[in-house]
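Novice: Take a look at the letters that make up each chain.
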Amino acid sequence: MDKIDWEEVARRIDSRDLPIIYMEDVHRYYIVGDIVVKALDGVSVKIYKGDFTAIMGPSGSGKSTLMNLVGCLDTPTSGKILIDGEDTRGLNETELAYIRNRKIGFVFQQFNLLGKITALENVMTPLLYTGGISAHERRERAEQALEKVGLADRMKHLPNELSGGQKQRVAIARALVTRPSIILADEPTGALDTKTGEQIMELFYSLNKEGNTIVVVTHNDEIGNACPNQIRIRDGKREA
Amino acid sequence: MVIQNIKLALGSMKGGKMRTVLSLLGIIIGVASVVTILTLGNSATGSITDSITSSGYDLIYLSPAFGSKTRETFDESFAERLRKNVDGIGLVMPTVSGNARVRNGSIVTSTSIMGVNSDYAANMDYKESYGSWFGVEDNIFKRQVVVLGSDIAEKLFPGGNAVGNYITIFRDQGKKYLVVAVMEAKDASLGASFNSTVYIPYNTYTQRFQRVSGVGTYIIKVAENHDPKVVNADATKYLDDLVGTDNYMIISSASLAEMVSSVTGTLSIFLAAIGGISLLVGGIGIMNIMLVSVAERTKEIGIRKALGASPRVIRGQFLTEAITLTSFGGVVGIVIGIGLSKIVANIAGWGFAVSVNACLLSVGFSMAIGIFFGLYPAAKAAKMDPIDSLNYE
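In the order they appear, the protein sequences are chains A and B. Those letters in the first sequence? Residues 25 to 264, by this note's numbering. Those letters in the second sequence? Residues 3 to 395, by this note's numbering.
Take the hints with a grain of salt, since some may be wrong.
In silico BS3-like pairs for lysine-lysine, Cα to Cα no more than 30 angstroms straight-line [unchecked claim]:
1. Lys-104/A / Lys-86/B
2. Lys-140/A / Lys-86/B
3. Lys-86/B / Lys-239/B
4. Lys-180/A / Lys-239/B
5. Lys-382/B / Lys-62/A
Simulated from the structure, these hints should not be mistaken for lab results.
Full structure from sequences and hints, please.
Specialist: This is the structure in structure tokens:
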């Protein structure tokens, strides 16, 4: 096997010569009792750096499975996945956790903030897992991230003292704080009213303009169609 | 990371105060009882051995049985024979004792009378508070002088000023005796309850109170650089051959002190083991609460994993929580244990000596329990599937 020139790979990803997310004929099967559930049945995807892509499909289509694979929460039954040049096949839990921490910034429908700690501490948490970052720098970077999402005045608040929109902004700040390769948002507006949802989407647009690669997983056509690129999934396969 | 984990642990302990206290009760009771038992064991042993050895660690008490045969052997020249035949015999002090009624004016009481030589007080480390112990000539001329222990002096002379006054001792005849000294209080020791004894010269005693002469008890001081226990054993062997086992009794303060420590030591270990069982039961309580905590926080574990926490990090978080929990219980238990033993020691009148070893042992043991019983719940948390735990409601 040839030695990988990571600088070259990074340069080519930066110049959109190589995709930042590359999936080739990916299958993900689950065995439930005697039945094999083909959640993903041969999907290929290319997403380039700086893209703003919606992964769309009705519930049960396999889009959540796709998101779990892109987010390195899961590994495929067969097929190839490269995240920022990194092959996730055969990685163990610890190695997957490493990639999640450095390359993926998750935003969830239900915000998934840790309830007993402040907004600032929530945003600092991923940096704790990166390791080698001083408490001072963790705090500084978390403060910057919260300022970026417009929550400079809510840092010391506990999640239950924040509105839904504010919680989602904290979650976005938490996703941004590690400077990940990809921001992966799973139904980010699903728990918000329309107006607040629009504001969150606008935040994503502006983050995308700054060069962030954003993937939004949604069953909502309105949200999905508003994104510059769409990938549609149905019955575990990509729709043309 | 460790600091962060301890902060998290303290946070979750504060979050459920009642639960924390209840789950820690086993550990707290266990540690408190171990510390109390070992500390009190120390204090009690110290107090008993102190009183046994208060006149010296190097004393051997030899009491002949009554009877004409032993009387021939145990005469005043016996000391020389003993010294010749047993290595390490230092001073030998013959003593005689009995009971008598004593009177000063209208105060009459019954007490023990002891006939001893003029060097008795100095050799027993027994000090006068007034006057001075009778001299050699008092013994030679069988003078009617007495020295009073502190309690009996107080009883006969409630107003003080015993020295220079006379008391009457009723035995045969009611003769008057001049009080020449009153002693300081001294803890009762082997064969001698100092404070309630009236001391008179040995020869005065044998002349006035004994129809048949014979030494009551020899108090033997072991010579320097000899092990009291070895001397005791040698003397026992010699005496067995001389008069037979049944015709004398020998006790050394060293062997008695050792026996007492070994008995109380065994008892302490036994009781501490029972405390240890409580610690073990407490540990199972910790495991239970940690399993509940892990189950309750499935979602949190999922979130942390999504943010990049490796299994090792998750395991460390929950293990730290278990150790913090049990260490906290250990410290609380030590504080309670020390307080409890201080109260008991005060009531019993023992010297109070905290067993530092017991404290270190208990904290170490409770931390070990934290690790042992925290490991399984922590491993369970670490192994959770990130997707399943994220979707857990």
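Novice: So, for every hint listed, does it hold in this structure?
Specialist: Verification of the supplied hints:
1. Lys-104/A / Lys-86/B: Violated, because 101 angstroms separates the two Cα atoms, which is more than 30 angstroms.
2. Lys-140/A / Lys-86/B: Judged against 30 angstroms, a Cα distance of about 85 angstroms means the pair is violated.
3. Lys-86/B / Lys-239/B: 14 angstroms, holds
4. Lys-180/A / Lys-239/B: With a Cα-Cα distance of about 84 angstroms, the restraint between Lys-180/A and Lys-239/B is violated, given a limit of 30 angstroms.
5. Lys-382/B / Lys-62/A: Holds, at roughly 29 angstroms.
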